[in-house]
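Same order as they appear, the protein sequences are chains A and B.
Going left to right, the first sequence walks through residues 1 to 416 as the working numbering numbers them.
Going left to right, the second sequence walks through residues 1 to 416 as the working numbering numbers them.
Read the hints as simulated data drawn from the structure, not as lab findings.
Take these hints with a grain of salt, some might be off.
With a cut-off of at most 30 Å between alpha-carbon atoms, the simulated DSS-like pairs for lysine-lysine come out as follows [said to hold, decoys possible]: (1) B:K178 / A:K178; (2) A:K249 / B:K142; (3) B:K145 / A:K158; (4) A:K96 / A:K244; (5) B:K142 / A:K142; (6) A:K309 / A:K370; (7) B:K142 / A:K178; (8) A:K309 / A:K128; (9) B:K116 / A:K158; (10) A:K158 / B:K178; (11) A:K158 / B:K249; (12) A:K178 / B:K227; (13) A:K178 / A:K142; (14) B:K44 / B:K96; (15) A:K142 / B:K158; (16) B:K348 / A:K370; (17) B:K178 / A:K222; (18) B:K178 / A:K96; (19) A:K247 / B:K158; (20) A:K145 / B:K247; (21) B:K227 / A:K158; (22) A:K247 / A:K158; (23) B:K145 / A:K145; (24) A:K96 / B:K142; (25) A:K244 / A:K222.
Which chain A residues face chain B? A few, computed with CB under 10 Å, are given here [as the list claims (entries may be wrong)]: (26) I33; (27) G154; (28) L174.
All C-beta atoms in this analysis are idealised placements derived from N, C-alpha and C, irrespective of residue type, glycine included.
Protein chains: 2
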Amino acid sequence: MRQTFEEMTLTDEQLLEVERQMAEYTQGVDDIIPTEELRMKVAKSLLNNRPLKVKLGLDPSAPDIHLGHTVVLNKIRQFQENGHEIHLIIGDFTGKIGDPTGKSTARVQLTDEVVKQNAQTYFDQFGKLIDMDRVVLHYNSKWLKGLSLEDVIGLAGKITVARMIERDDFEERLALGKPISLHEFFYPLLQGYDSIHLESDIEIGGTDQHFNILMGRHFQEKFRREKQVAILMPLLEGLDGVEKMSKSKHNYIGIDESPADMYGKTMSLPDELMPKFFTLATGFPQETIEATLRALLSGSLHPRDAKMKLAKRFVELYHGEEAAEQAEQGFKRVFQLRLLPEDMEQRKISDGESLTLLEAVMKFDLFSSKSEARRMIAGGGVRINGDKQTDGDAPILLKAGMILQVGKRKFIQLKD
Amino acid sequence: MRQTFEEMTLTDEQLLEVERQMAEYTQGVDDIIPTEELRMKVAKSLLNNRPLKVKLGLDPSAPDIHLGHTVVLNKIRQFQENGHEIHLIIGDFTGKIGDPTGKSTARVQLTDEVVKQNAQTYFDQFGKLIDMDRVVLHYNSKWLKGLSLEDVIGLAGKITVARMIERDDFEERLALGKPISLHEFFYPLLQGYDSIHLESDIEIGGTDQHFNILMGRHFQEKFRREKQVAILMPLLEGLDGVEKMSKSKHNYIGIDESPADMYGKTMSLPDELMPKFFTLATGFPQETIEATLRALLSGSLHPRDAKMKLAKRFVELYHGEEAAEQAEQGFKRVFQLRLLPEDMEQRKISDGESLTLLEAVMKFDLFSSKSEARRMIAGGGVRINGDKQTDGDAPILLKAGMILQVGKRKFIQLKD
């Protein structure tokens, strides 16, 4: 691309459209390499009325999607909504090879059937985030299995060993004397080759894909193709707030988890991660995100309330509005219970005693009169285990551990 | 091979034969890795009446054979003479790929035709050293071109990056920041694969092939084959006495060079290289070599005479006995000229003067009487330019620069 952006003859309307798209694409990214080329590509796509090819590579061995993955998918959706072409590449070729050293049990050889199943799982889950009807799906074995040794050597001739070793994890393992099997060099090599084959304009991935995505750029240049732009998204931390969210670390929020689990897990996130999660994983419009974060910063929004908004949003995205509402209610109940004083008054019962709510509250002297008790129950001021009880005549089976609550401050816990 | 040598049930005769062969094979080597396995293989070949497969890889791009190459061929011949199978592998596959980086003009892409021509050149020259009728010739493209990317990754999975980088030249280039193209890793890899395919028992090469030959051993082990033994031969230095003999260094003695060049170049070798050349390149029986080296050491053999023996031997090996005799004579003449005193008496002549030899020697007062002159001429005591002149009546055309010599000490040189 020798032409500069200034030399392109865009109408004012097109210029505005380029900048509108760029404002979206740059939002929340860790890096775009290089931004100016992305602007050129967007402009050219408008001039030539040709959508950009946006590539996303997928590992066929771990198809369970968690919120960490949605960061990239949300970015992908922006491109899709602006009319660009989304190309998903299932890396089945390397998956089917497995680990030739036989050392890694994680990278077992996948059969065609498992690969197809996993791809279907991706499809089902991705449908919650992007329009799968307007996605082009590829299995890279289609072009990779036809490569000859000669082709591979030709490819390997376009990259130096020093460059390969520069990859962070390779460098570290070499320095520590930990083995790197030579076949591991093939994965970035072939990911790069995928970009040549696809003639991708853009490849999107997490920052951990920095090296591999730049391989695509490198090889496209060596093979005299137009180079793809790398869009690198931050990695979401997991529930521990420290490690990258991942299945193997058991610190993830899966998008197929139950509403209650999703809501509850989100509420357990450290407060300081909220800006990142709002920005990268909610898909809220930019203005909503900014307003929320400002309110958080000024103190007008309590962190707990912000987090509840976040949790509700996630359930809404992956299970719908009704489920989100229910999950919030459920959480509130549990949340109330969590606010119980630690030194509650204990009251002895005979296990299995059965009486009405009204009889029960009177038995434990929670009210001075039945009429006061009735009034409070009807007004929603009485809870058992955090759940409001509005029917004084409802039968109650008293059990050890049960908590009776009146208003906000009066609690008793039953014991044998 | 779990059995030890001691556990093999060999007859006394077989034991003697094993040790006889081992004495030959160990002669002059830089290293055998490992010697004990070679002994086992020789023993097994006797027990099973099965010849060993001895592998020699050849680069199809540089088919001109020099004395440096003959070191390995002499070792090969020993195996051949003991009935083992010689397998020559023409590395045409990598040769036909050329250098994918396009940087090296040395490694240009060879056509099928050139590869065949070069192989024929090998054949013609090797015939001077080994029995080409009892050699199995392979082109490694036959099996390598059928390898798929999957096969290559499987192969690469059996070796670590650290191990590859250990190769001396790779390690040095990495340390110096000089680029190593990734495709260079394929050469040792594929040389190793050749050994798997061939099921070679032994691979022979120069010490510069140490790493590549051990690759074969490594891969055979990984693919659960019996491992080949590496026989590493010392590298012959070239005429400069310092650098390895090689065509690119212009310091070589080619086996197709003219007898005079071969003889003369050998005479220009530094004295201290003679033991090495005798041991590695003459093919003399061990006793002859040892006797010569002892005589040299004791001073009973003059280094110049030893070198003449060496030079004559080389011409004899590659051009036959008669040519060797002539080359020696030719050298002796030139050699005599080289012993001329630097301050010879100068005698003025008129250019183009013609007279007989007798007239000439008398004209320049080399003798006090014609009869003395005739006697000396007849006895071979007179030379012109180092060549004996025995006919006093032969016409001589006097020229500036011409040297007339009587006996060993009397010289005159003619000038205009």
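Going down the list of hints, with the structure as the test:
| no. | hint | result |
| --- | --- | --- |
| 1 | B:K178 / A:K178 | holds, 24 Å |
| 2 | A:K249 / B:K142 | violated, 48 Å |
| 3 | B:K145 / A:K158 | holds, 20 Å |
| 4 | A:K96 / A:K244 | holds, 26 Å |
| 5 | B:K142 / A:K142 | holds, 25 Å |
| 6 | A:K309 / A:K370 | violated, 40 Å |
| 7 | B:K142 / A:K178 | violated, 36 Å |
| 8 | A:K309 / A:K128 | holds, 19 Å |
| 9 | B:K116 / A:K158 | holds, 29 Å |
| 10 | A:K158 / B:K178 | holds, 15 Å |
| 11 | A:K158 / B:K249 | holds, 29 Å |
| 12 | A:K178 / B:K227 | holds, 26 Å |
| 13 | A:K178 / A:K142 | violated, 33 Å |
| 14 | B:K44 / B:K96 | violated, 38 Å |
| 15 | A:K142 / B:K158 | holds, 25 Å |
| 16 | B:K348 / A:K370 | violated, 155 Å |
| 17 | B:K178 / A:K222 | holds, 19 Å |
| 18 | B:K178 / A:K96 | violated, 36 Å |
| 19 | A:K247 / B:K158 | holds, 29 Å |
| 20 | A:K145 / B:K247 | violated, 41 Å |
| 21 | B:K227 / A:K158 | violated, 33 Å |
| 22 | A:K247 / A:K158 | violated, 35 Å |
| 23 | B:K145 / A:K145 | holds, 14 Å |
| 24 | A:K96 / B:K142 | holds, 27 Å |
| 25 | A:K244 / A:K222 | violated, 33 Å |
| 26 | I33 | violated, 22 Å |
| 27 | G154 | holds, 5 Å |
| 28 | L174 | holds, 6 Å |
The structure shown violates the earlier hints numbered 2, 6, 7, 13, 14, 16, 18, 20, 21, 22, 25, 26.
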